[in-house]
Amino acid sequence: MGAGSLEALIIIQLIYLIAALGHYLPLSMNQLDVGIAGYFAIGAYISAFLTRDHEVAFALALIAGSVAAGAGALIVDGLATRVRLTGFAYAIFSLSFAESLRIVLNNVEAVGSSGGLVGIPAHTTLTLVAAIAVAVLIGFWWLDRTRLGHLRTAIADDEFVVPIFGVPLTATKLMIFALGGALGGLAGGLYSHYVLFIRPDDFGFALLISLQLPMVFGGLDRFYGAVAGLLLLGFIPEFVRELAQYRLIVMAAATLLVLILRPSGLITHRTIAWVKSRLRGAQAEPTR
Amino acid sequence: MSVFLQQVVNGLVIGASYALVAVGFTLIFGVLRVVYLAHGAVLVAGAYLGLFALSWLGSITAALAVGTIGAALLGLVVEFVALRPVRQQNHLIALVTTVSFATIIQETLRLTVQSGQPISYPDNIGARLLQAEIAGIKLHVTVGQLAVMVVALVLVVALTFIIQRTWLGRSIRAVADSPLVASMLGIRVNAISGQTVALASALAGAAGVLLGLTIPAIDPYVGEHLQFKVLAVVLFGGLGSIPGAVLGGVLLGFVEAMAAGYLATSYRDLFAFMTMVVILFFRPSGLFGRRLVERV
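Those sequence lines, one after another, are chains A and B. Using the numbering used here, read the first sequence as starting at 734 and increasing by one per residue. Using the numbering used here, read the second sequence as starting at -7 and increasing by one per residue.
Hints are computed from structural coordinates only; laboratory data are not their basis. It is possible that part of the hints are untrue.
Selected chain B positions facing chain A (Cβ under 7 Å, derived; list incomplete) [as the list claims (entries may be wrong)]: (1) 49; (2) 77; (3) 78; (4) 81; (5) 89; (6) 92; (7) 95; (8) 96; (9) 99; (10) 261; (11) 262; (12) 270.
Derived list of chain B stretches under chain A, where covered just means 3 residues or more per stretch with a C-beta under 8 Å from a C-beta of chain A [claimed, not checked]: (13) 21 to 30; (14) 194 to 202.
None of these values were measured; they are calculated from a predicted model. C-beta atoms are modelled at their ideal positions from N, C-alpha and C, and glycine is treated no differently.
Using the sequences plus the hints, can you model the full thing?
Encoded structure:
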């Protein structure tokens, strides 16, 4: 594997990591918003449209795409929350929005319809992506220690108890939804300014699957589980050349196996506690 | 007038195959209440099995039998591997396990049969033309189209009979109502879940073979695309409602056949997704179904 393709691999995987963390936010509240491919597409298209056709500065376009994607998430989740969709219905509802967006983009002449958007200026560099990814990771670490982070866990555990403590439930949920959508949009903007050519069909069901499977593989209990899953399933198959052909099937089989044996995923906060106690020399071993 | 009648026939054929997939899909949703996304892949597996049977044995009946039985067995495996171990988990987990299983099926087909290139049924056997004349109007119907209508009708009637009149059907309905109460009455919920998925998969397998007879070529991904449209049909008809699924399927077939002439074809798929959004927003229980969203 050459140096150039290694750099490409790292950039793409880091972009996926940012998107996946955006996708993780609603899931961590036990709200099945699976519209990440749509938010990613909004960010990718809006930022690319701005830099290519209107010569807007890259940073500004990136922010615009991200805000638009956040607004998109607010609309989708706002509607879903309004009619109190749960579980199954929520998943189908958000997925339908993402797929509808893809079909509409396939027909809008201004963004190249199904032929795609070509000639996007190259702005995304490894340094930039790495810096943003690290910042986002630190942000997640910090979020787990804030009031908003604790509320998120509370909503995941039992959202009907939360308002009893005087917390504005809908507003809290929507804030986290918008954050997730915005992260997806940010990743989309970075993506379009790296690959320089995007088509609506890049943002279909397959994108959702390639983000979703590794996350659940790693574990949704804490964000580092999702991160670990992405790193494991995103990088390792790329390094073993013989595996390239079987990348998808390996990913699917690994995910299926882990979920059957350990439905909570590979790494949970208990795993970390267990490892810590082992490192400390562990007199009293906590139950896993 | 003859153009219109021809479109009616085409709509009926597309609608019949949608309905066949939709009744199985709605059965799984109604009974197991999980986000099951392996139905399209099982359908494709049935289509490939039918293709092999047709090449070796040369008869459409044999192809249908092999596709149907093979898909039913595959359905049993899917339930055992991807649904049963994660029954207690939230909806996301079942979504991921079934999608993983579907990916394994699709990738296996892609890697083993002509590297996933589209592949046609031998001699285009389904495309042979039959002509019918009704009141002086000539209609073109292919062998495949005729097979779709006949087989779909027979299978849907058979399924309705099983659900309404047999012991298996009564058990399935009991589990759909309440797995807990059903288990207290001595019904083995696990076994019924497996048999439900197998029954639904059998219909999907038959639909796959019929699809192979009506479209020019199949590839490992035709099912995934179909699956989302059928999901719209199922939501429209109401989860677990067989009449709703049949009506919804035929209706979607008609709308698509009619829209083919007036709308850009690329917008055709939008219809299915927007239907889902509108139904979920305004009437989550569908036209015939029970309430899908549990309100607290």
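Checked against the structure, which of the hints given earlier come out wrong? Per hint list: 1, 12 and 14 violated.
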